[in-house]
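Enquirer: From first to last, the protein sequence lines stand for chains A and B.
Take the first sequence: its position 8, counting from 1, is numbered 8 in this note's numbering, and each next residue is one higher.
Remember, this note's numbering sits 467 above the position in the second sequence when you count from 1.
Treat the hints as calculated values from the structure; they're not laboratory data.
Computed from a predicted structure; not experimentally measured.
Take the hints with a grain of salt, since some may be wrong.
EDC-like cross-link-like pairs, simulated, lysine to aspartate or glutamate; straight-line CA separation at most 16 Å [claimed, not checked]: (1) A:K213 <-> B:D573; (2) A:K213 <-> A:D269; (3) A:K213 <-> A:E292; (4) B:K680 <-> B:D573; (5) A:K213 <-> A:D41; (6) B:K680 <-> A:D163.
Number of protein chains: 2
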Amino acid sequence: MTMTAPIASVIDDLRALLGDRVVTNDAVRGQHGHDESSFPDRLPDAVVFPVETAEVAQVVRICARHGVPIVPFGAGTSVEGHVLPTRGGVTVDLSRMDRVLEVHADDLDVRVQPGIRRVALNEHLARYGLFFSVDPGADASLGGMASTGASGTTTVRYGTMRDNVLALEVVLANGEVVRTGTRARKSSAGYDLTHLFIGAEGTLGIITELTLKVRGIPEQIAAAVCVFPSMAAGVEAAISIVQQGIPVARCEFIDALTMTMINRHAGLDGPEAPTLFFEFHGSPAAVADQAEAVRAIVDAYGAGEFQWATTTEARNRLWRARHQLYFAAIRSRPGSRAIATDVCVPVSRLAECVDATAADLEAFGFPVAIAGHVGDGNFHTVLLIDPDNPDDRARGREFTNRLTLRALEMGGTCTGEHGIGIGKREALEREAGPAAIALMRAIKQAFDPQGLLNPDKVLINGPLPEA
Amino acid sequence: MTMTAPIASVIDDLRALLGDRVVTNDAVRGQHGHDESSFPDRLPDAVVFPVETAEVAQVVRICARHGVPIVPFGAGTSVEGHVLPTRGGVTVDLSRMDRVLEVHADDLDVRVQPGIRRVALNEHLARYGLFFSVDPGADASLGGMASTGASGTTTVRYGTMRDNVLALEVVLANGEVVRTGTRARKSSAGYDLTHLFIGAEGTLGIITELTLKVRGIPEQIAAAVCVFPSMAAGVEAAISIVQQGIPVARCEFIDALTMTMINRHAGLDGPEAPTLFFEFHGSPAAVADQAEAVRAIVDAYGAGEFQWATTTEARNRLWRARHQLYFAAIRSRPGSRAIATDVCVPVSRLAECVDATAADLEAFGFPVAIAGHVGDGNFHTVLLIDPDNPDDRARGREFTNRLTLRALEMGGTCTGEHGIGIGKREALEREAGPAAIALMRAIKQAFDPQGLLNPDKVLINGPLPEA
Chain A
1 MTMTAPIASV
11 IDDLRALLGD
21 RVVTNDAVRG
31 QHGHDESSFP
41 DRLPDAVVFP
51 VETAEVAQVV
61 RICARHGVPI
71 VPFGAGTSVE
81 GHVLPTRGGV
91 TVDLSRMDRV
101 LEVHADDLDV
111 RVQPGIRRVA
121 LNEHLARYGL
131 FFSVDPGADA
141 SLGGMASTGA
151 SGTTTVRYGT
161 MRDNVLALEV
171 VLANGEVVRT
181 GTRARKSSAG
191 YDLTHLFIGA
201 EGTLGIITEL
211 TLKVRGIPEQ
221 IAAAVCVFPS
231 MAAGVEAAIS
241 IVQQGIPVAR
251 CEFIDALTMT
261 MINRHAGLDG
271 PEAPTLFFEF
281 HGSPAAVADQ
291 AEAVRAIVDA
301 YGAGEFQWAT
311 TTEARNRLWR
321 ARHQLYFAAI
331 RSRPGSRAIA
341 TDVCVPVSRL
351 AECVDATAAD
361 LEAFGFPVAI
371 AGHVGDGNFH
381 TVLLIDPDNP
391 DDRARGREFT
401 NRLTLRALEM
411 GGTCTGEHGI
421 GIGKREALER
431 EAGPAAIALM
441 RAIKQAFDPQ
451 GLLNPDKVLI
461 NGPLPEA
Chain B
468 MTMTAPIASV
478 IDDLRALLGD
488 RVVTNDAVRG
498 QHGHDESSFP
508 DRLPDAVVFP
518 VETAEVAQVV
528 RICARHGVPI
538 VPFGAGTSVE
548 GHVLPTRGGV
558 TVDLSRMDRV
568 LEVHADDLDV
578 RVQPGIRRVA
588 LNEHLARYGL
598 FFSVDPGADA
608 SLGGMASTGA
618 SGTTTVRYGT
628 MRDNVLALEV
638 VLANGEVVRT
648 GTRARKSSAG
658 YDLTHLFIGA
668 EGTLGIITEL
678 TLKVRGIPEQ
688 IAAAVCVFPS
698 MAAGVEAAIS
708 IVQQGIPVAR
718 CEFIDALTMT
728 MINRHAGLDG
738 PEAPTLFFEF
748 HGSPAAVADQ
758 AEAVRAIVDA
768 YGAGEFQWAT
778 TTEARNRLWR
788 ARHQLYFAAI
798 RSRPGSRAIA
808 TDVCVPVSRL
818 AECVDATAAD
828 LEAFGFPVAI
838 AGHVGDGNFH
848 TVLLIDPDNP
858 DDRARGREFT
868 NRLTLRALEM
878 GGTCTGEHGI
888 GIGKREALER
898 EAGPAAIALM
908 RAIKQAFDPQ
918 GLLNPDKVLI
928 NGPLPEA
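Here chain A stands alone, though its shape is the one from the complex (with noise of 0.2 Å):
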């Protein structure tokens, strides 16, 4: 791919597509040149703010003709660089394509533009008595939620983005629209394009409309809380609901440091402990029932009482304090940025692979903050680097390199849930292996010929221009 595009005459025929709806200032540029990873920013040449599909697609167009790059953007809560335009060119900001097109509750499915935003969707589907499950703690839009295969804290019960996708409208590389998958609850016609598209992070076609699998409001809700004496326990608790088979909607670990932090960033006033955090969705029989299964375990692992949330705004108060764990961590060492790791393993392998990273941290001189969707085998670390020293980004790498190997061993994968971008590349073609990736880049060959849908990230497409 070559860099010499004639930026200037791109730009002049998205102003004449867009008017000013194409910007070139600091600010703006400045607003899309990162996401929340450690990444140092690069800046995109132009920001163009489509309101609907067939201008995407123009835009496109626009930029295959000029060899440009262009990177789609949604609402920048990525933390692998996703979003980053590592070669200029265009960034497409879809938040403008933000609609709700249509609900149909007897069908438990909904279309969307893929810039709205999970908890505006959630507010929106509310009024139906429904909501979408997938909850990946940011307030990500659901055309980045599905380009990175996200998934998060309801993932144990109700499943990833991958599970609830019906059907996508793609703009492809040469500005052709595409529309993959329909309303039926299942299909087997032809090759999954639309697994396909989900998790390619915006490097096979730019996610332009959504339609989604819905669920009814449980018709009750119930959150609880309890403490372990030590963090083996608490994961071994968590292993052991999710074998016994017990459909738990949320079950999360996070241990005593991390309680600390959020208690400090969230004026918060929670025991300092590991401690699991619990959803219950269903009748109030089968709410009663599961708790009550879940209890007999924790019991046996010296779980302290449940302290239950039953009011809305309460669970509300316990999930947020729970989604700014990632900021409450950043913010614990003012100037400092973020690795967050993401390895997922089977939940027998769970607590030996927790043990050994806490046991890793330590070593490493990182902070031993552990939480995750344990429920899934799926468990975070954040790494605070100072962005400035390279020898904290040395430090980062060779423990991440280190965690993921360990993963990798145990049967798991490098990324549960945060995707690839330009962090985990190294990883996922150790974890993928040649032959595995020899296909990934066929098919991003067939696709996208020129190389121009969000370069650099999936891949490794030779070495990273300097920012």
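Knowing the structure of chain A, use the given hints to seat chain B on it.
Expert: For chain B alone, kept in the frame of chain A given last:
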């Protein structure tokens, strides 16, 4: 693709590799010349019986070197001509690769070879208190079920093959072996190759190993049937059950004529009326809860009493009868072959779709026999045709075209679970549209540039050679 391939030297090379596990006699070629569809037989030149992945890879290398087509074969239970060697060549029968390689009861996953069949797998898993949920009715091979993107009676609760395969090992068109996925419950690591091979019908590679999600056998399982005063009442009751989110494990509709055929075929004497078959899984309390909720709904639609089957034997008898539906239909008219339709629509449109389809069956002079996985919006009709009567075939084709269009207009798909094979390729073109078909062709070209893997399936590749 040219078919002047030197098949004799391929067979020589295969014999050097596999000895007498290369078979060219008419009986065995005949067995591999058809599936359960009504398409005329097409014989392979040879059938090979590998026992390990390395042999499959070698077979593919030999065929690729000589430009000879390769057709993977599981149990031959497909219904759209998936395994027909339309251009001759070598059929790779995977039935001797039928071992369970690893059972991870703690992680609820299992690693198997592709030739193992559903019933044998579940017999094996029962020792561990586990089961594999996908049940297409036929005793299909797991490799075939994955390749077809199969689903079935339990999908309303537990999902399709796409939802229950964690990882694959696949032999590619060049003989390389690729592994996709891991044993982690979720991953965002790169393009989703696993889902791309599921439903690809052997056209992108040959599945040689699968890692499957399994589940604990529920504490209680109870099956029940009840009859309705009309087809519409039965279908609408099922829709209502699904819309209310009651987690039934099975919810199958069978109309009066189909019940008659099943009775006659299986020597049963159940009531010959529109019927719903249910199965409830869970704790005794959960099962009672679900059954009561279902009872309230079916009452509103004028259903008769529940006939309960709570013993394993009684349940097996019940579901065996349900699963014999396809053969019961064929046997009801000796000498006939069957075209099984398979549309799937959003449940809110299901009653309307079933109604219009019943009227159309009558207008076309086909028996009005309808059965389906109504909880998913998926239903079947079985068109009995005289395979030697071109008029019958034309009538069948026109009926199914009309049905496909009806399903697509309703936001549905031409195939919920049977796949494309050679029978639904035009329907796929209509459903997916030119842009998606172009992407599928690009994927096929990237994965199998010589076009040797299961030719003429999924995508149209010129006219079919004469039988």
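Enquirer: Each hint should be assessed against the structure and marked as holding or not.
Expert: Hints, verified against the model:
no. : hint              : result
1   : A:K213 <-> B:D573 : violated (30 Å)
2   : A:K213 <-> A:D269 : violated (37 Å)
3   : A:K213 <-> A:E292 : violated (30 Å)
4   : B:K680 <-> B:D573 : holds (11 Å)
5   : A:K213 <-> A:D41  : violated (35 Å)
6   : B:K680 <-> A:D163 : holds (14 Å)
The structure fails to meet hints 1, 2, 3 and 5 from the earlier list, while all remaining hints are met.
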